[in-house]
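*Asks:* The lines below spell out each chain.
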Amino acid sequence: MQAEEYPLLQVRNLRKVFEGLVAVNNVSFEVERGTVFGLIGPNGAGKTTLFNVITGIYAPTDGTVVLNGEVITGLPQDAIAARGVARTFQNLQIFHGMSVEDNVLVGCHRHGRCGLLATIFRLPAVRAEERQLRNHAMEALQFVGLQDFARAPASSLPPGRQRLVEIARALASEPCLLLLDEPAAGLTTHETEVLGELLQRIAATGLTIIIIEHDMNLVMDICATVAVLDQGEVLTIDSPSAVQADPRVIAAYLGEPQPEEGGAGG
Amino acid sequence: MRCPYPRLLIASCIVGLAVALVVGGGCAKPQPQQVPGGPPKVGEMPVPQPAGEPIKVGAIFSVTGPGAPLGEPEKFAAEMIEDAVNKAGGINGRPLKIIIEDDQTEEAKAVLAAKKLIEQDKVCAIVGPTMSGTTLAIVDSCQKAEVPLFSCAASAKITHPVKKWVFSSAQTDVLAVQRIVEYLKQQGTKRAAIICDSNAFGQSGAEQLRKQLGEAGIQIVDEEKFATKDTDMTAQLTKIKAQNPEVIICWGTNPGPAIIAKNMKSLGITAQLINSHGVANQKFIELAGDAAEGVILPCGKLLVADELPDSDPQKATLLKFRKDYEAFTGKPVNTFAGHAFDSLQMVLQAIRKAGDDRAAIRDALEQTKDFVGITGVFNLSPEDHNGLTKDAFALVVIKNGTWTQVK
Amino acid sequence: MMTGSVLLTLSGVNAYYGQLHVLKGVSLHVNEREIVALLGANGAGKTTTLRTICALLKPATGRITFAGKDIVGMRPEAVVRLGITQVPEGRQLFGPLSVRDNLLLGAYTRLCAGRKAEVLEDIERIFELFPILGERAGQRSGSLSGGEQQMLAIGRALMARPRLLILDEPCLGLAPLVARQIIHTISQLRSQGTTILLVEQNARAALSIADRGYVMETGKVVLEGSAEELLRNREVRRAYLGKDYEEV
Amino acid sequence: MSLAELLQYLVTGVTVGSVYGLVALGFTIIYNATGIINFAQGEFVVLGGLIFYSLYVAAHLPLVAALVLAVAAVALIGVLMERLTIRPLINSPVVTLIIITVGVSVLLRGAAKLIWGPEALPVPPFSGEHSLFVGSVAVHLQYLWVLGLTVLAVVGLRLFFDHTIVGKAMQACAINSEAAQLAGISVSRMVQGSFALSAALSALAGIVICPITLASYDGGALLALKGFCGTIIGGLGNGLGAVMGGVIIGILEKLGIGFAPQGYAGYQDAFAFVVLLLMLFIRPSGLFGRQRTEGI
Amino acid sequence: MSAERKREILGFAVAVAIVAALPVVTRSAYWLSIGVFIALHGIVAIGLGLLLGYAGQVSLGQAAFYGMGAYGSAILTLHLGCNPWLAMGAAAVATGLIAYVIGVPTLKLHGHYLAMATLGIGIIVRILFNEGGHITGGPSGLPAVPNLAIGGFAFDNDLRMYCLAWPIVFLQVVFSRNLLRSRLGRALRAIHDSEIAARSCAINTAKAKVMVFVLSAVYASVAGSLYAHWVNFVNPHPFSFPFSLELVVMVMVGGAASIWGPLIGAAALTIIDQSLLQLGHVFPIAEDLDIVLFGIIVVLVLLFMPRGLVRGLSSQEAERRAG
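Residue numbers (my numbering), protein chains in the order written: chain A, 57 to 322; chain B, 97 to 503; chain C, 1448 to 1695; chain D, 268 to 563; chain E, 6 to 328.
Please keep in mind that the hints were generated in silico from the structure rather than gathered at the bench. Warning: the hint list may mix true and false statements.
[What the hints assert, rightly or not] Computed list of lysine to any residue pairs in SDA-like fashion (alpha-carbon distance at most 25 Å, straight line):
hint, chain 1, residue 1, chain 2, residue 2
1, E, K212, A, V250
2, B, K379, D, L330
3, C, K1563, D, S359
4, B, K260, E, D161
5, B, K307, B, Q283
6, B, K218, E, K212
7, B, K379, D, R550
8, B, K325, D, G384
9, C, K1505, D, S359
10, B, K307, E, S33
11, E, K113, D, R550
Next up, chain A with everything else stripped away, as it sits in the complex (with noise of 0.2 Å):
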């Protein structure tokens, strides 16, 4: 409880630099508890890295992440999931040798607790374990309307629910922070529709969400702020129609406008 008075998340001067290349440049902003934080810019823009390194992928150059008021900065990336901080990726990174339902059971990992001596011995504790580990993931499925599909191979899914088993697995975590890395990437029309009508029922069940997207509609439905980057700095934070209108963010996605055309977007 005392956490309250933080906000979830806390990200100050974040510095990521690649072998000279800075890829993520002096980042700050805040994300409050139960909102949606829209990520935005072009590619190239630092977005991903950002990711990277709230999870821990990278150790920044500088700077500072801070969940629930403590530093993360520096933590192994399971240490990090293990606080609540869950994500999907861009590529997809399902486990493909496994079954659906196995694969969002991985995301229940943090709620178990038997050893390894009591597991291969297949204790009643451990019985208890799966079964309640095996309940939570069939939630985590339904959520997501994949519970006809809990024993097919994940890899003989098509890309779009591939991409709701990534995210009944981060779901099953019970995060406290959903980080969503172009969640719409790849998707058909109507994949992408199915995906947004769920990302606004995780929303509204009051999960903490960051989403990197370029799918604007998407962005536009479900995000309370939104930050746009560019060459790995934050070009503004602000509310998605003030974003979309603003004539810096137009410029970055499309490029300068040439000076006989005059402003553009109005």
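With chain A's structure known, arrange chains B, C, D and E on it following the hints.
*Replies:* Chains B, C, D and E only, in chain A's frame:
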């Protein structure tokens, strides 16, 4: 889901083929097809043809793997004897069948080979294995199955302590070292260095050297080791050189000692090199080339058979064996072939006396007296399952690429 | 600008990454001495289309012809010999090698055929086009700045004397000024007679020099037209910023 | 330990080490082209020595002709190996590729034994069984051949990679095979070339060292392992580093024997591998490799 | 659920039936001892399969753990007069501890570096066996290791050993299944498929890898102990690098990513090996050819069934791209 049948089919084909091979291979041998149909050359043979159920003797040699240089001649010797015995009318009128298994110089394979010979082929005795390690690995199986085992390996552990069913025909290092120490005492040597292979043969030699040199009051100024597959021992020899010994005693089997001889020459070390009986073969001279000149080693009398006085009890046997072996294989004779020859001949002698009952063969073997073999004159007894004395060794020096007895 | 006969045609090309259907019946063509822009959001299949043309990915179905010749199933190096070269996304230079070596390797097929003198002349021509490369000829290409690397990547592709030059995101990650310079160079190349197929995030910049363009979405070509048409088209903006863009 | 002794260890260490270095270089070339550690590398060394034996000792060919022919023959074996076993599987997981090279090594070893028999074969030193003595430090003439040919091979390779277009193309494939394909370089041919080159280098190593070590069908494994250590110590993928790594292993090994207390020389191989492990734990990128940042 | 479960039980029953059938069909010590060797190799291979196929980590030093079990049993029974069962357990615990100490720094390495490190460890351990003087018996080894026995009933012949080893194998199969069907097992498989995604699911990948490394070492140790108490003799030779390689080949040939694969690989290789040896009797020239044929078989299996005998050809995309 894709239909798994094609892959299943391929998989089961491979496994099936393998099983078929095992069954086929395992059964092909015991069915002695060759024997009844074998001897069509009746006319030229005055001796009666062997008939009836063949007498089966097992043999396990390291025909492949690191032990192959020893195991291959042993196999030839066994084949030669089988051939000769059957041509001469077999054993007690029955044909002789020697079933040779290759243990690939691996302990596990030796165990399997022994079990196959004992249970599958029901042999009445086993000759071999070639190496000390493989022998020790099957000692227990033979003891439990109560099958006489006549090893061709040299480790003292095989026959000390005496095991009821286990014999060995190779000279142990104890005798070889005795022969060397006797020579060193004659020469008044005070400082010796030893360099031994880190395998069982080398280390068992090293142990004997330490013990017997110490008792003889000869100082060991340096003791070095090399790995069996090492290909350069200059570093060890440099270390030895710094200690300035009068003799360097090397204990190992080819090619290591040959490399040591060459390394010594290239380092300009002038100390006398003494080798073990492990390299008492032509191969050593071939490998070491000029560097072999002047090397002294104890060896079975086979190598110096021509030089032996006619009074020597072994001379006739040695010359005949050499002639037969070289005629049979087309290759120069070899001490290891002699081990197999001795083991097998003693076993056959016991069978002639006692029939093909395993226990009877064992008892007969223990009674073997004054058996004139290639390695020496054997006198087996319940207390000694090796039966050789240091007289089994001649001390030879390599001169002009050939062996001469040290006077 | 006068454009000539059809040089490259893709018709009904379908391609997969494993089970992922990435190109769904893509058809497009490029005429000689034309600049064609291929636009679309991330993951729309632009780069995959280029990989398919260069034979790095074999299409499941569909035809690709270049100068009247079917090139499906050819080896990548054979496609290069036919006259298609690509400046891949992210430059993909041979970083540890020098600038000059990178250029030489661009002319690998010609060097193997023993036309060394001609190649050396071409290198001089590249140095005229990009003087900065001449100054850095002996330097490790990995140590160049982003813009210089992009110039080198273009130079390397030109060394094969292509009839069709394919550029994948040549302005990605470059400062605006440098990006403009690259765009300028591309239009210059066309005027020298090279046909160009261009993939670029900066749609406005790309269309400013292109004759025609295609817009891709989720593996399909959803729109084609002249550059002016596309620049004015709402759909183009939608493809990048979402369909409500104009209605806000 | 006297200075002469120390120098003697160094001389032998460098000689043996340069053979490890050549093997390590062979590993590196194939690794760079394909990402595979080729477990049949040791067999290339062995086959080099054995074929050379047949040509030089048995068939009495002149030294240079025998040497060139033996190297070429092994290079051909390398090409065949690539063509028959590596190319069909090039997109398989690395473990599969490693194991298939194990299979090939078993096959080649078996074939070598079938042809040349189980026993070691003597090869006369190229310039006779003589040593130069510098003070009391002995330098066998064959050592000079080993060192000379190693240096020649390394310099030749350097020239090949830096100054010929094929060499540069090979490097390009190793750096970025897709970009190389886009430049019109046939990657599969370069991979084949790298197998040929790697096999040739290892064969050369086998040939120059066999007058000292004798030629034997089963000598490859140990040489390959030491070469392997050299590769890692020099930094996987770094050619010159690999040669240096091999030489370092050679020197450490001989010094290890020199400094070991009496009767402990049996640990010499353990010594080389302890160094390797320390290296892996402390600086896995090798002495001469660049530290890489881990990416996704 | 039920169909899969049924198939699983059926498969298990068939395997048990085949294994149980052998002693009924033949009492030949040769066949039974081949069966025992398959069981021993199978135990090591199943453990290695967990490491290789599920956790995706290579070990080229597994023979060392097999050796530690064998030597642990031999040393404890011969020098300290331990009960063989106790020795077997103590050796397994000790091997597990050693594997833990080795595993923590080693499993931080990836790919070839890991392969190289485990290879080095294997060779060092083999040298320690060889140079262990009185304790390990040096290169000559330690003879007269006692048999395992329950009361007066000693597991001293092949039939008895067969009846002891195979239940252990099946127990291990059940254990492996329990592990793989659990949270920890799924974590391992997740690591194999995508380490980065596994970590994003709060899986401590380093810990999980060390865990399965230790488990595989313990399995190997148990098999080693059984070997020592059965053959009654240990020397360093069987525990050297070639056997480590052979184990990896068994796992690869059988198929790493399944419980039965390594076991079938162990069976296939042991049988093929023996059959080639026996082939030498039928065709005398085949004597040296067997090694060549062995190599060819390994190469062919991998060429045409890169996922091993159990899975055969699979349509799964090349993993390199995904990795």
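*Asks:* With reference to the structure, classify each hint as holding or not holding.
*Replies:* Okay, the hints, checked on the actual structure:
no.	hint	result
1	K212(E) - V250(A)	violated, 38 Å
2	K379(B) - L330(D)	holds, 24 Å
3	K1563(C) - S359(D)	violated, 38 Å
4	K260(B) - D161(E)	holds, 18 Å
5	K307(B) - Q283(B)	holds, 19 Å
6	K218(B) - K212(E)	violated, 53 Å
7	K379(B) - R550(D)	violated, 46 Å
8	K325(B) - G384(D)	holds, 16 Å
9	K1505(C) - S359(D)	holds, 18 Å
10	K307(B) - S33(E)	violated, 45 Å
11	K113(E) - R550(D)	holds, 12 Å
When held up to the earlier numbered hints, the structure conflicts with 1, 3, 6, 7 and 10 and fits the remainder.
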